[in-house]
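Number of protein chains: 2
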Amino acid sequence: MEIKSYLNEQRQRVEHRLATLMLAPIGAFAEHIEAMRYSLFAGGKRIRPILCLAGAEAVDDDEAVGQRALTVACALEYIHTYSLIHDDLPAMDDDDLRRGKPTNHTVFGEAAAILAGDGLLTFAFELLSGPASAAIADQARLRIIHTIAHAAGPLGMVGGQSLDMLYEGQPVGYDELRRIHRSKTGALITASVVCGALVAGGNDEQTAALRTYGDHIGLAFQIVDDLLDVEATTAQLGKPAGSDLQSEKATYPSLFGRDTSRTMAREAVQEAVVALANFDHRADPLRSLAHYIVDRNK
Amino acid sequence: MEIKSYLNEQRQRVEHRLATLMLAPIGAFAEHIEAMRYSLFAGGKRIRPILCLAGAEAVDDDEAVGQRALTVACALEYIHTYSLIHDDLPAMDDDDLRRGKPTNHTVFGEAAAILAGDGLLTFAFELLSGPASAAIADQARLRIIHTIAHAAGPLGMVGGQSLDMLYEGQPVGYDELRRIHRSKTGALITASVVCGALVAGGNDEQTAALRTYGDHIGLAFQIVDDLLDVEATTAQLGKPAGSDLQSEKATYPSLFGRDTSRTMAREAVQEAVVALANFDHRADPLRSLAHYIVDRNK
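Protein sequences, first through last, are from chains E and D.
Going by the numbering used here, the letters in the first sequence line up with residues 81 to 378, in that order.
Going by the numbering used here, the letters in the second sequence line up with residues 81 to 378, in that order.
For the record, the hints were derived by calculation from the structure and aren't laboratory data.
By construction, the Cβ of each residue, glycine as well, lies at the ideal position given by its N, Cα and C atoms.
There could be a bad hint or two in this list.
Computed footprint of chain D on chain E, listed as stretches where at least three residues anywhere in the stretch have a Cβ under 8 angstroms from a Cβ of chain D [claimed, not checked]:
1. 100-112
2. 163-173
3. 184-197
4. 201-210
5. 216-230
6. 242-254
Ranges between beta-carbon positions, derived for each pair [what the hints assert, rightly or not]:
7. D:R179 - E:T100: 38 to 48 angstroms
8. E:T186 - D:N283: 46 to 56 angstroms
9. D:A110 - E:M344: 20 to 30 angstroms
10. D:N283 - E:T100: 29 to 39 angstroms
Can you build the whole structure from these sequences, using the hints too?
Below you can see the structure in the form of structure tokens.
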């Protein structure tokens with residue numbers, strides 16, 4: 081399949097739904113909503129939402145299922161966007177640029193940026209529990225909310241970011257690096273695919289297989305991210321190249337070198353594809369996505 | 081009824097369940113969990129959880145219902161605690177003391193405090209969707225999650241804090257003051273009582289009555305908070321007295337004077353009690369709580 085056109089098509093569906101679900105910047109809270117919208121519509125790749133859609137499609141390619149998955153996909157993107165806003169704050173990574181644009185706090189100020197993140201995180205759960213996702217069965221919705229909250233919470237993404245801050249400037253080994261990545265980025269990527277399966281009514285075996293797939297592409301994604309940070313120019317990346325090295329963060333290239341890192345990423349992609357062995361052609365988007373992750377250059 | 085002993089008893093139940101549900105400060109994420117626990121167990125009055133328990137009791141005083149309400153009550157306290165941590169940050173109100181203790185960021189640093197808040201907020205939704213609240217019917221759980229997320233989100237608490245920051249140092253009128261309070265503190269207080277009703281299987285009429293009760297005591301609570309800020313000594317309050325005035329925040333006493341403010345608070349309490357007209361003796365705790373709110377001195 082043609083992954084580029086698939087990605088474009090899905091991204092457009094996600095953009096459209098994100099815009100439909102998001103609050104309009106009017107009324108008493110217009111400034112706050114504007115700050116949330118700024119980062120939400122700053123042009124992300126929408127990888128997590130697309131993984132959710134592809135995960136649902138692998139189980140059931142019915143159009144109605146895809147429509148239901150779209151709302152969950154958007155909730156994942158709200159949460160991802162909140163995490164970027166908070167990660168960029170002066171007290172965290174102190175980044176001025178994100179996706180080639182000034183970061184949220186440089187535009188709206190620190191207080192507004194913290195609150196924009198808080199608002200996006202909370203709004204995601206409002207969507208998942210409200211009318212926007214009423215077409216999903218109650219039990220599945222609760223499992224989806226729980227999967228996302230666990231992946232984004234103290235033992236997942238937030239915990240991972242805490243570890244990342246804790247270890248900053250310290251020499252860390254492979255175990256710590258793996259733990260940071262698995263929680264900080266891996267958990268939400270895996271949750272994205274798993275939630276797709278849950279929306280589509282996947283059985284335990286299918287859900288477990290997609291969880292394994294998610295774990296492997298999460299790893300590949302992170303290794304490639306580290307490699308791109310070393311290799312890419314600032315223009316390609318939208319943020320200063322080599323910024324991870326400057327702040328002495330442990331990365332795959334710094335621990336294993338670039339060649340070994342690239343091999344590790346390819347192996348993880350192969351493991352991900354193996355996990356899809358019991359799925360038919362409807363999992364082709366997930367297979368192509370796995371390969372795309374190591375071949376992407378931005 | 082003896083409100084002091086009721087509050088003590090309920091507070092102990094809440095403290096016990098909070099400790100049971102909260103993550104232990106062990107393992108890879110121990111530091112992050114420690115930062116969350118620090119503020120969670122810093123000795124709050126647990127007003128929101130107790131309102132949730134009393135709201136449930138007003139509808140159904142069965143012991144099993146009370147047990148189910150306890151988990152929801154704790155989720156509300158996690159969210160309240162997160163909001164205090166973020167409000168105290170240097171970029172927000174920049175407070176060093178909270179409940180007589182150093183604020184989260186002064187102990188753990190800004191990054192860890194932001195993440196402790198993020199972690200508590202997310203963990204609340206994990207609790208509400210996971211095994212800890214499995215005894216509540218699925219549909220009621222989703223309504224509870226939606227009620228809390230809406231009250232805490234961009235059109236509720238977070239939006240209110242944004243307005244509060246936006247208007248800081250500016251002259252604001254009664255309309256703006258009311259809007260700030262209704263969203264910043266009122267929304268979660270109302271949600272606490274409403275969620276009690278939802279746990280207990282309250283019908284639409286009961287839930288609406290408790291919503292009205294919550295709106296009125298939320299107003300009374302805020303007016304009294306403003307009054308206490310002017311009147312109390314630093315020792316009583318655990319934070320510098322008159323700090324709202326120093327930062328030129330609009331308050332009820334600054335707009336209406338102390339006497340009129342106190343009258344407004346008493347009237348709001350009476351309205352709250354009127355809203356309970358169709359409830360029997362099981363709503364006595366809510367009635368006593370309403371009076372307690374204007375009579376408290378810390």
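A quick look at each hint next to the structure:
Coverage of the stretch 100-112 of chain E by chain D holds [criterion: at least 3 residues with CB-CB distance below 8 angstroms; count 5]. With 4 residues bearing a CB less than 8 angstroms from a CB of chain D, the stretch 163-173 of chain E meets the requirement of three and the coverage assertion stands. Here's how the stretch 184-197 of chain E fares: 7 of its residues keep a CB closer than 8 angstroms to some CB of chain D, so the rule of at least three is met and the hint holds. Beta-carbon proximity to chain D at under 8 angstroms applies to 8 residues in the stretch 201-210 of chain E; the threshold of 3 is reached and the given coverage holds.
Judged by the Cβ-Cβ criterion of 8 angstroms, the stretch 216-230 of chain E is covered by chain D as claimed, because 9 of its residues qualify and three suffice. Coverage of the stretch 242-254 of chain E by chain D holds in this model, with 4 residues showing a Cβ closer than 8 angstroms to a Cβ of that chain against a need of three. Range check, D:R179 to E:T100: Cβ separation about 42 angstroms, and the 38 to 48 angstroms hint holds. Restraint check, E:T186 to D:N283: a C-beta distance of roughly 50 angstroms satisfies the suggested window 46 to 56 angstroms.
In this structure, D:A110 and E:M344 meet the distance hint of 20 to 30 angstroms, their C-beta atoms being roughly 29 angstroms apart. In this structure the hint that D:N283 and E:T100 lie 29 to 39 angstroms apart at CB holds, the actual value being about 33 angstroms.
In this structure, every one of the numbered hints holds.
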